[in-house]
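Novice: Spelled out from the first residue to the last, the chains are:
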Amino acid sequence: MGLDRRSFISLVAGGVVGSLATPVVWKTLDDVSIWSQNWPWIPRLKYGEETLLPSLCKLGTDAYGVQVKLVAGHPVAAYGNPEHPLSRGGICPLGAASVQLLYSPSRVRSPKKRVGNSFEDISWEEAEALLAEQLKSAGKDVALVSGDDTGTAAEVLAGLVAALGSQQAYFMPSEGAAAAAALKLLGGDGLVGYDLEGADYVLLLGADALGAWGTTLRNAKAFADGRERAVRVVYVGPAMTATAAVADAWIPCTPGTEGVVAMGLANMILERRSPSKVAGLAEFRKQAAGFTPDAVATRSGVAAETLLGLAKELLAAGKPLVVPGTTAAQGLAVSDAAAALAVNVLLDRINMPGGVMVLPWGPKVVAAAPDKKAMMGRDVVGYLAAVAAGNAPAPKVLLVHAANPAYALPDLKTAQTALDKAGFVVSFSSFMDETAAQADLILPDSLTYERYDDAYTPYGSGQANYTMAAPILKQPLFATKAAADVALGVASKLGADLGFASFEDVLKAKAEALGLDFEAAATGSVWLGTEFAVQQLDLAKVQAPASAATAADLTLVPVANLKIGSPKVATPPFGTNAISPRELQGKDMVVAMNAATASKLGVRAGDAVTLSGAGGECRARVRIFEGVVDGAVMAPLGLGHTAWDAFSRGKGANVFQILGTQADVAGFTRFATAPVGVRKA
Amino acid sequence: MQHMEFKVKWGMVIDLDKCTGCGACSIACRAENNIPPMQDASNKLRTTDWMNIYELSNGKKFPDLEIAYLPRPCMQCGKPSCSTVCPVVATTKDEEGGIVSQVYPRCIGCRYCMAACPYHARYFNWFDPIWPEGMEKTLTPYVSARPRGVVEKCTFCHHRFNAAKEQARMSGADPLDLPEDAYIPACAEVCPTGAIVFGNLKNPEHRVAKLAASKYAFRLLARLGTDPQVYYYSKRDWVRQLGDNYLQKELKGGEHV
Ligand code: SF4
Numbered sequence: 052m053g054l055d056r057r058s059f060i061s062l063v064a065g066g067v068v069g070s071l072a073t074p075v076v077w078k079t080l081d082d083v084s085i086w087s088q089n090w091p092w093i094p095r096l097k098y099g100e101e102t103l104l105p106s107l108c109k110l111g112t113d114a115y116g117v118q119v120k121l122v123a124g125h126p127v128a129a130y131g132n133p134e135h136p137l138s139r140g141g142i143c144p145l146g147a148a149s150v151q152l153l154y155s156p157s158r159v160r161s162p163k164k165r166v167g168n169s170f171e172d173i174s175w176e177e178a179e180a181l182l183a184e185q186l187k188s189a190g191k192d193v194a195l196v197s198g199d200d201t202g203t204a205a206e207v208l209a210g211l212v213a214a215l216g217s218q219q220a221y222f223m224p225s226e227g228a229a230a231a232a233a234l235k236l237l238g239g240d241g242l243v244g245y246d247l248e249g250a251d252y253v254l255l256l257g258a259d260a261l262g263a264w265g266t267t268l269r270n271a272k273a274f275a276d277g278r279e280r281a282v283r284v285v286y287v288g289p290a291m292t293a294t295a296a297v298a299d300a301w302i303p304c305t306p307g308t309e310g311v312v313a314m315g316l317a318n319m320i321l322e323r324r325s326p327s328k329v330a331g332l333a334e335f336r337k338q339a340a341g342f343t344p345d346a347v348a349t350r351s352g353v354a355a356e357t358l359l360g361l362a363k364e365l366l367a368a369g370k371p372l373v374v375p376g377t378t379a380a381q382g383l384a385v386s387d388a389a390a391a392l393a394v395n396v397l398l399d400r401i402n403m404p405g406g407v408m409v410l411p412w413g414p415k416v417v418a419a420a421p422d423k424k425a426m427m428g429r430d431v432v433g434y435l436a437a438v439a440a441g442n443a444p445a446p447k448v449l450l451v452h453a454a455n456p457a458y459a460l461p462d463l464k465t466a467q468t469a470l471d472k473a474g475f476v477v478s479f480s481s482f483m484d485e486t487a488a489q490a491d492l493i494l495p496d497s498l499t500y501e502r503y504d505d506a507y508t509p510y511g512s513g514q515a516n517y518t519m520a521a522p523i524l525k526q527p528l529f530a531t532k533a534a535a536d537v538a539l540g541v542a543s544k545l546g547a548d549l550g551f552a553s554f555e556d557v558l559k560a561k562a563e564a565l566g567l568d569f570e571a572a573a574t575g576s577v578w579l580g581t582e583f584a585v586q587q588l589d590l591a592k593v594q595a596p597a598s599a600a601t602a603a604d605l606t607l608v609p610v611a612n613l614k615i616g617s618p619k620v621a622t623p624p625f626g627t628n629a630i631s632p633r634e635l636q637g638k639d640m641v642v643a644m645n646a647a648t649a650s651k652l653g654v655r656a657g658d659a660v661t662l663s664g665a666g667g668e669c670r671a672r673v674r675i676f677e678g679v680v681d682g683a684v685m686a687p688l689g690l691g692h693t694a695w696d697a698f699s700r701g702k703g704a705n706v707f708q709i710l711g712t713q714a715d716v717a718g719f720t721r722f723a724t725a726p727v728g729v730r731k732a
Numbered sequence: 019m020q021h022m023e024f025k026v027k028w029g030m031v032i033d034l035d036k037c038t039g040c041g042a043c044s045i046a047c048r049a050e051n052n053i054p055p056m057q058d059a060s061n062k063l064r065t066t067d068w069m070n071i072y073e074l075s076n077g078k079k080f081p082d083l084e085i086a087y088l089p090r091p092c093m094q095c096g097k098p099s100c101s102t103v104c105p106v107v108a109t110t111k112d113e114e115g116g117i118v119s120q121v122y123p124r125c126i127g128c129r130y131c132m133a134a135c136p137y138h139a140r141y142f143n144w145f146d147p148i149w150p151e152g153m154e155k156t157l158t159p160y161v162s163a164r165p166r167g168v169v170e171k172c173t174f175c176h177h178r179f180n181a182a183k184e185q186a187r188m189s190g191a192d193p194l195d196l197p198e199d200a201y202i203p204a205c206a207e208v209c210p211t212g213a214i215v216f217g218n219l220k221n222p223e224h225r226v227a228k229l230a231a232s233k234y235a236f237r238l239l240a241r242l243g244t245d246p247q248v249y250y251y252s253k254r255d256w257v258r259q260l261g262d263n264y265l266q267k268e269l270k271g272g273e274h275v
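Residue numbers (our numbering), protein chains in the order written: chain L, 52 to 732; chain U, 19 to 275.
Quick caveat, the hints were computed from the structure, so don't treat them as lab data. As the structure is a computational prediction, the values presented were derived from the model and not from experiment. Heads up, the beta-carbon is just placed ideally off N, CA and C, and yes, glycines get one too. Hints should not be assumed to be uniformly reliable.
[As the list claims (entries may be wrong)] With the C-beta cut set under 10 Å, the calculated list includes, among others, these residues of chain L facing chain U:
id, residue
1, R278
2, M291
3, F676
Model the full assembly from the supplied sequences, consistent with the hints where possible.
Specialist: Here you go:
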């Protein structure tokens, strides 16, 4: 049978048409794409019963309730806890990444001791014996730096140090400590809180309340609710922060002059209203009189009429609230906090609905431990500076708990010198952070989801509160132990019994002291305090705030950013994507300044520059951003890690390296802003 | 363009006057939908973020500058440009609820949809997903891991929609008449300021429907006619004006310059 060209073509064409009409081609394509996606190295999903368990997120400077989703007993995601007063369903960027952080490559998976320039894995038995031996030979020369100023774990560790005869127990710097010191300066006593929910006008003097300051998530909920009630929120500060972006108004001021603005407001308020029953008013009036509108305008850059507008708004509001703070969420000057407190006193806002709330210190259950009040009254920056300078003896053993002082302290070089001088550094870090990397012994703490944890009244809370978290995992994922349990163990080995066999027992005692049922607390019920201690404040004791770094032409404004990390943790694996090119470009930190400042400095957008400050230099790239006052350079905190893992290491620079300090009243150090130099790299 | 009308239209209204750009939504989305972590995420042309956050500015000089943050999920367009160009029907908009689906095993990676999407809401997997050792144990059971060669995008946490419908059926309720909080994507659930409101745009009782009807509501590139189911909200004129990319001094209508 012959096949001519014509019939051949119609056969082929018919075949083509037929193959398009039949589903075989499409089915095959579908199958190919399914099977070509079916590789053994693509992880399979695990299914199982789903549960939600309450826990705590303490990765930032805040502490709030979360809910962890478990599938077949394994945690897969963290959400906010709608039942928790400090979360109300919201979550912060660190909390959102917290479950995956359990498996962070930088987790320290077993105890380690230093051998020369590297570490050797050791057993817990050996590690605890080594700790006991070191503590024994150190005698009283022991010190503690803890970053956990809400948890009872720090109380246990401080108890250990005190039982060994040392008074050297410190918290890392916090705004809560500065605010409490300001309250004490005025003769008050307690933790300082703010009833943001009750206020009808909120003036934030520097506090980046929706960024990383105070009870960030609760602030966010209060802000959102306030918007519905037309509560006006005004932000005064040197840069367009997260808070400034959504506030009803942003009033730019020269960095570090928020206290000066507060005194100016006090002066204007006193000219218009003379409060009765305020102690020390005459003396205060004299102090405030120096802060004339013109003087304040010269120093802070806030025009006299703007200041007057603010004073009038405060006077007209029914429940105004003035909140001091910083963009760094630490390093607040006590004098600035005191000035803001004075304005609240003049407006009769202490322990009033929508005002400044003075909250009780909370019960102590480890008898040997120093009072939290005493511990918060000590300045770790000053202590380490004294050690570095040889003005205070270097501890033979330094315990570091829930803190990373080798990374997250101002005047970092000095802090590092002090760490080097310490005889034997013990890090309880869960991660290979900068401090752990240079420690002599690492006793890895379990993370909150793997152990008991608790939080008493994080700074800013409007009401005293206590949250406990029971472990949501039956066992820690790796060979880690709760630091408090290690401390209890070593204490009894050294014959300095702290009175408890386990951290769980300590928390039982804490729950009892608060009148709370332990089981209920461990399953998520939150204790709320309703006591507000009566205060006798004396305004005569306010010390007029100086501007920070008045002589500087150029000032560094570090901004804390939970997307990037916190003083405790570096960027978690799940956090890298959220960091924007406005903060990090390639391996360069991005710093922002306005066009006028840039042209004065002779730099342009995208230029590589060298920043120089008290402790040294670092590299950055310039971004021109009009949301920064003249003469200020805004820089993100939390970059430039040298330890940790590939998700955070070697990205950008650590601003703490160039952040200088300034002596402040009441033995504290201010460092929320500092002089800086900028030149082309 | 493919166009179907639905009785239920899931939608979002994002209040740009409340968004602080904190990034929690984007990270919660990553965890919920098993998007692997990235060591180097500084080049945003190479990253995968179903919920991406942009910064807008009024372009003024200090001290008159204002900024706003704009989180951008998939708009779940009423008239999607992406599904119409898909040669293998891997992405469609044909399910009650109006969510644009994405069937990974069907995707052949041609990326026509990416070119078609005016919102850059779609992402291509150049590499197989990798989790650091052990972290794969935190994968949720909701969304399979996508291999190299596949396009992905926000699905309004479609698994949560399925779960809510299932729940409704079990309790004898109407799965097509879900109450406001029965179904809500992870981003909206965790947003600290509650800037992301979610619900049925067709149910006048739902907050989204009310907000979307406000004179302060707008949609991105509205004049393209994609009919997005994601609305934005701002009382600031300049923010609303940025919703459509008008050229400066542009001519009216389809005139050419
Ligand atoms: S936003 Fe893009 S991906 Fe989403 S439906 Fe519209 S066109 Fe498709």
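Novice: Taking the hints in turn, state whether each one holds.
Specialist: Consistency of the hints with the structure:
Taking 10 Å as the C-beta cut-off, the interface hint given for R278 (chain L) holds, the closest approach to chain U being about 7 Å. The restraint placing M291 (chain L) at the interface with chain U holds, with a minimum CB-CB distance near 6 Å, inside the 10 Å limit. Satisfaction of the interface hint for F676 (chain L) is found here, the shortest Cβ-Cβ separation to chain U being roughly 8 Å, below the 10 Å cut-off.
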